[in-house]
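Student: Sequence:
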Amino acid sequence: MASTEKFSPCKVNLMLAVLGGRPDGFHELLSLAAPTKFGDTLRAETADGADSLSCDMEGVPTDSSNLVLKAAELFREATGLKAHFKFDLKKRVPAGAGLGGGSSNGACALLAANELCGNPLPQKSLEKIAAKMGSDCPMFLTRVPVVMRGRGEKVFSLKGEARECIGRLKLLIFKPDFSISTAWAYSQMRAHPEDYMRENAAESALSEWLENPSVSGLPLINNMQIEAFKKFPALQIALEEIRARFRVPAMMSGSGSACFAIINGLEDGEVAGLSRLIKEMLGESCLVARA
Numbered sequence: 001m002a003s004t005e006k007f008s009p010c011k012v013n014l015m016l017a018v019l020g021g022r023p024d025g026f027h028e029l030l031s032l033a034a035p036t037k038f039g040d041t042l043r044a045e046t047a048d049g050a051d052s053l054s055c056d057m058e059g060v061p062t063d064s065s066n067l068v069l070k071a072a073e074l075f076r077e078a079t080g081l082k083a084h085f086k087f088d089l090k091k092r093v094p095a096g097a098g099l100g101g102g103s104s105n106g107a108c109a110l111l112a113a114n115e116l117c118g119n120p121l122p123q124k125s126l127e128k129i130a131a132k133m134g135s136d137c138p139m140f141l142t143r144v145p146v147v148m149r150g151r152g153e154k155v156f157s158l159k160g161e162a163r164e165c166i167g168r169l170k171l172l173i174f175k176p177d178f179s180i181s182t183a184w185a186y187s188q189m190r191a192h193p194e195d196y197m198r199e200n201a202a203e204s205a206l207s208e209w210l211e212n213p214s215v216s217g218l219p220l221i222n223n224m225q226i227e228a229f230k231k232f233p234a235l236q237i238a239l240e241e242i243r244a245r246f247r248v249p250a251m252m253s254g255s256g257s258a259c260f261a262i263i264n265g266l267e268d269g270e271v272a273g274l275s276r277l278i279k280e281m282l283g284e285s286c287l288v289a290r291a
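In this text, residue positions in the sequence shown follow this note's numbering: the first is 1, and each later residue adds one.
No wet-lab data here; the hints were simulated from the structure. These figures come from a predicted structure and were not determined experimentally. Treat each hint with caution, since some may be false.
Claimed, not checked - Using 30 Å as the maximum straight-line C-alpha spacing, the simulated DSSO-like pairs for lysine-lysine come out as follows:
#, residue 1, residue 2
1, K91, K231
2, K279, K37
3, K170, K231
4, K6, K70
5, K37, K154
6, K86, K132
7, K6, K82
8, K128, K159
9, K124, K70
10, K124, K154
11, K128, K90
12, K70, K82
13, K86, K70
14, K170, K82
15, K91, K124
16, K86, K128
17, K170, K230
18, K154, K6
19, K154, K279
20, K154, K90
Turn these sequences into a full structure, and let the hints guide you.
Tutor: Here it is as structure tokens:
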């Protein structure tokens, strides 16, 4: 059987401006997002009879609700091929984190299926399928920093200085042992429309950075933090302490509960100290990973 292995990176939202609710139930977004060096590994091979998925992380669904198997189904629908696949997922990225782990897994499964069948689908077709799978999925087909609009399905790859700037980022990602439901997070935004960011303000902040990209000038905006901090004040306290003691930018990623600090300029000993501080504040079970 033919096989392939894909690295499935998580992402961070360096900017996430939720602009307002949409009639279709989604939200209008403007986001600057980047894949990271931290992620899962997905192995895929062709199989006879039916798709299957195994995973080494407890609690991860391995049925048709997982985007990995959804990707295989949508691939067959798009191509008319009768191919089936066996997937094995080595999981490091936790669920309920705002890191897009499940979306990345689904996008990788789509890429793997296409590769194993001789690449019958061009990039544009893959992007359309990924958009059906979920709002975050299309960005994981590019593996480069992107600007996302719409509900997240309109993806524009960064080029030139902006891409190089984000490529220089060194991150420390951390996630406490509690998660935040994406559905809950967006329902809170809809219930508190005063939290929405004005589109012209969001576009202006992003445009200003794109014109003169720098690590220090990144538009670190996430208005989903507002309601998250009300329910989980430990996140706000931890981020404020990190910024105060280590003088580094730190923010929640996506809908949370994962956060990140930009650690460019910190020595290894300082990063170790930051990691200890995070675990002191959020618990020893808190995931901390360099990316």
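Student: Each hint needs a verdict: does it hold in this structure or not?
Tutor: Structure-based check of each hint:
1. K91 x K231: Given that 30 Å is the threshold and the Cα spacing comes to 28 Å, the pair holds.
2. K279 x K37: Roughly 21 Å between the alpha carbons, so the hint for K279 and K37 holds.
3. K170 x K231: 29 Å, holds
4. K6 x K70: Measuring from Cα to Cα gives roughly 17 Å; hence the hint holds.
5. K37 x K154: Within the cut-off at roughly 23 Å; holds.
6. K86 x K132: With Cα atoms ~22 Å apart, K86 and K132 stay inside 30 Å; holds.
7. K6 x K82: Roughly 22 Å between the alpha carbons, so the hint for K6 and K82 holds.
8. K128 x K159: This hinted pair holds, its Cα atoms lying about 22 Å apart.
9. K124 x K70: 18 Å, holds
10. K124 x K154: Holds - the C-alpha atoms of K154 and K124 are around 12 Å apart, at most 30 Å.
11. K128 x K90: Roughly 26 Å separates the two Cα atoms, so the pair holds.
12. K70 x K82: Between K70 and K82 the Cα gap is close to 15 Å, so the pair holds against 30 Å.
13. K86 x K70: 13 Å, holds
14. K170 x K82: Violated, at about 43 Å.
15. K91 x K124: 28 Å, holds
16. K86 x K128: Since the Cα atoms of K86 and K128 sit roughly 23 Å apart, the hinted pair holds (cutoff 30 Å).
17. K170 x K230: 29 Å, holds
18. K154 x K6: Holds. K154 to K6 sits at ~24 Å (cutoff 30 Å).
19. K154 x K279: Between K154 and K279 the Cα gap is close to 37 Å, so the pair fails against 30 Å, i.e. violated.
20. K154 x K90: 29 Å, holds
Hint compliance for this structure: hints 14 and 19 are not met, and every other hint is.
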